[in-house]
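Engineer: Produce the complete structure using the sequences and hints provided.
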Amino acid sequence: MSQHQHLDRLHDDVTPRGLSRRGFMRMVLTGTGATMLGAVVAACGQQAPSAPAKPAEPAKPAEPAKPAAPAAATTASAPAAAAKPAEAAKPAAEVKPAAGGASGGQVNIHWTKPLTLNPLFSTAGLEQGVERLMFGALVRVNDKLEAVPDLTEKIDVSPDAKTYTFTLKKGITFTDGKPLTSKDVRFTYERAVDKRAATYWRGRLLDIQGATEYGDQQAEKISGLETPDDSTVKMTLRKPDATWLLTIGDFSGLSILPEHILKDVPPDQLAKHAFSLNPNVSGGAFKFGKYETDQYLQLDRNDNYTGGPKAKLDRVFFKILTPDVALAQMDRGELDLMIVPVSEMDRMKKNPNVSVVSVPSPSIDFLAYNMQRDYLKDKRIRQGMYHAIDREAMIKAIMQGEAQLVSQTIIGPDWMGIPQLNDYKFDPNKAKQLLKEGGWDGSHTLQCLYTPGGSKERDAYMPILQQQFKDVGVNMEIVSSDGTETARRRNAGDFDLVQVSGGIFRQDPNVSGKYMETINWVPVGGNYGHYTNTRLDELFPAGRATPDKNERQKIYTEAAQIMNDELPWLCLWSPNSIFAVSKKLVGFKPPSYATHNMWNADEWSVGG
Amino acid sequence: MGTYLLRRLAISVPVLLGITLVVYVVISLAPGDPVDAMINPEMAASMGPGYIEMKREELGLNQPILVRYVLWLKEVAQGNLGFSFMDRQSIAGKIGERLWPTLRLMLSAQVIALCIAVPVGVMSALKQYSLLDYGATILGFAAISVPSFFLSLAGIYLFSLKIPILPAAGMVTVGQEPSLADALWHLVLPAVVLGLAEAAPLIRYTRSSMLEVIRQDYVRVARAKGLRERTVIYQHALRNALIPLVTVVALGLPRLLGGTVIVEAIFAWPGMGTLAITAVRGRDYPVIMAINLISAVTILLSNLLADLIYAVIDPRIKYS
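Chains A and B, in that order, are what the protein sequence lines are. Per the working numbering, the first sequence starts with residue 1, numbered consecutively. Per the working numbering, the second sequence starts with residue 1001, numbered consecutively.
The set of hints was computed from the structure by calculation and includes no laboratory data. Take the hints with a grain of salt, since some may be wrong.
[Unchecked claim] Coverage of chain B stretches by chain A, computed from C-beta distances (three or more under 8 Å per stretch; other residues unrestricted):
| id | segment |
| --- | --- |
| 1 | 1063–1071 |
| 2 | 1084–1092 |
| 3 | 1154–1168 |
| 4 | 1240–1252 |
| 5 | 1257–1267 |
| 6 | 1274–1285 |
Beta carbons are placed, not taken as given, at the ideal position from N, Cα and C, and that holds for glycine.
Structural biologist: Written as structure tokens, this is what we have:
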């Protein structure tokens, strides 16, 4: 059931995995109604725009330039300001890669606290990004969320999109010098689908023929996974899937684990095995340096990397910090890259040592309706509520223009485009009329589940939505609770509306199916409101089974029309991903999905 | 003394049981459970329909609260704190690696607090109603009233951004060889913030205790004997004035432990506070219970310690 592949993207946002420092800070700070450092630091930015950012590290390790290394890095030419969303889709926002770039140096990145560094178990994008640097995979995704070969030199896809044949690069090895072969790939995939191991990847890989049987210990091996020789991996799927490479390449891609290290670990012991926080044998451009609990993770360049060009940086530090402290460190030059909230963007732009870049993200902020509620079943009620809210004004005022209006979830990629459909312009009168026609009598107060503290922008727009609904006669109560309680009520269907942010809808139109098909009702999928549309249930599988892009586009355009008319979700907008990048970091290319920000760290260098 | 100690320890046992029971019941009644917190729809889908129930069963969540509590107690009695629900790591290990950072922060803060509170308190008392006394009072009240997260953020703003002389967060400089100087440099800001908050009440205690003592007859006698003022104050008055302070300090240790939670979160200090917050948000019952157990033991031991030290430094007090 690979159709579940991207749910985690949403759940990064909506389930409380680990301490969200921003959440905690918000908890502490809302008590006084003042976001202190924000205010204080903002004042700083205004008073002293050119405050000298004192370099944190007294001296960069002065790695003697290797004779073979190309000339010194060119200075990054940074965009004057965040590119406008429309332009940003093109590489206009990109910080120019250095011609050649210098070897050596180190970079500090703002990071999150990891639960595990074992790629089979990671669910957070920031963890997976790091794993992708340490490990190699068959395919990975690039900044535009396209699947590209990684450790493979050739991928053959059968015309019916049912058989995928991967040819590994020649002579690739793990960091301990042992060869990385198709046997390691098979081992990794076998562990990934093994039910006892309970991995994060199992669900998306069950479409491989025989994976279910193997996973349930009913078969000796996965029948659809063949390794005729050391460099060939052949996957046969149960049914055609044109999106398969995206499935196995998602973000870090399914990293290839070293069989010779882990083969004797019982599958049910794999998660808690020491390797999970000390993955010291891997096959990527960087290798594990050390992890200091709750402080930082250090990756060192893998000097023996054989899967492609060697990384330029000596090492990368991933620092675990609260967002407020990270902003302070960014100001001081102790941090080279972080994801910046809209509210801090202007202040960051004032720092002469920092570039701020913004690109459209693949995510959407939306309210999902509980489609099982009788009083919400008439679509005119949902259409009326859509006309009641002024999204354009909110994008301008709250999102500072850093978001794009979307009115359904099929919004990319380029070959798909965004179908031109009803935008449901702000029109309170039309809203009232539609509500009346739909039989809305105002006797229900809608309960909207919401987890505050995720971002200032969300906290700001929720009451506005509430007020604008009220203006047309729809009372909505914002039920604020922590992520765990929100998840419980959402899974139990105990809500009228639920606010969610996330998803990677722009990657492939098929992603929407994970939230709209009947088989994906929560708690087993992302269909929060238990929405059912028999036509959509035909269209999404048909789109998956069709390799031809023009055909797919037709199929998904029809799906978009249905969603735009039925409105199972009230889509607000797609926010931009905004990054602050120090000007000494050369080669950073902003990815559309924010937590994917270290995706090309092997190409980075330091200069300037 | 020996029997007293035994009796006190014996009394502590039911108290500890009571505390753990109440905490266990309360966290179990909090809305949502660990499975809600960690369940990933994708995982649920791939593992089949019974997965969520299976997971609850595996974690023992399908049993009544009291049964779970007794099972937990049985394990703890054998010295086994169990495994974290969230990342399946051993709790003893998780706490072990975070205990020292927390202790380091707590003890430094306590030392700073005493170094500030005792001299300032004594001077305030000796020069009652002077400018210094009023100044100390106002600053003391300010330090009590201003929450530590504010002090922390203001400290970061002042000393890391405006006058960049201290690091904004962390326990060591990332990517540098660990050194004592570097560790101390990182310790200054969080320890001073925590120490200031702790010092404020201690100043008041020292002051009032000192005021009381310098009016005692034996101090007057000491003066009448013609002793030098310094000897009177430091040898006769101060030593007696510090007796109540010992109790206050010992009883204040648990409060200090609580204060570190917030300060740790702000300064990205890799201690137990950070762990506690993560655990609460994920409804990671075993970790919450382990941390609570440690706090409860700390509180009980602090109380005991206060009473014992009292007996040592004040010969009038005898336990039998």
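Engineer: All the hints need checking, so say for each whether the structure fits it.
Structural biologist: So, going through the hints one by one against the coordinates:
{"no.": "1", "hint": "1063–1071", "result": "violated (count 0)"}
{"no.": "2", "hint": "1084–1092", "result": "holds (count 4)"}
{"no.": "3", "hint": "1154–1168", "result": "holds (count 9)"}
{"no.": "4", "hint": "1240–1252", "result": "violated (count 0)"}
{"no.": "5", "hint": "1257–1267", "result": "holds (count 4)"}
{"no.": "6", "hint": "1274–1285", "result": "holds (count 7)"}
Hint compliance for this structure: hints 1, 4 are broken, all remaining hints hold.
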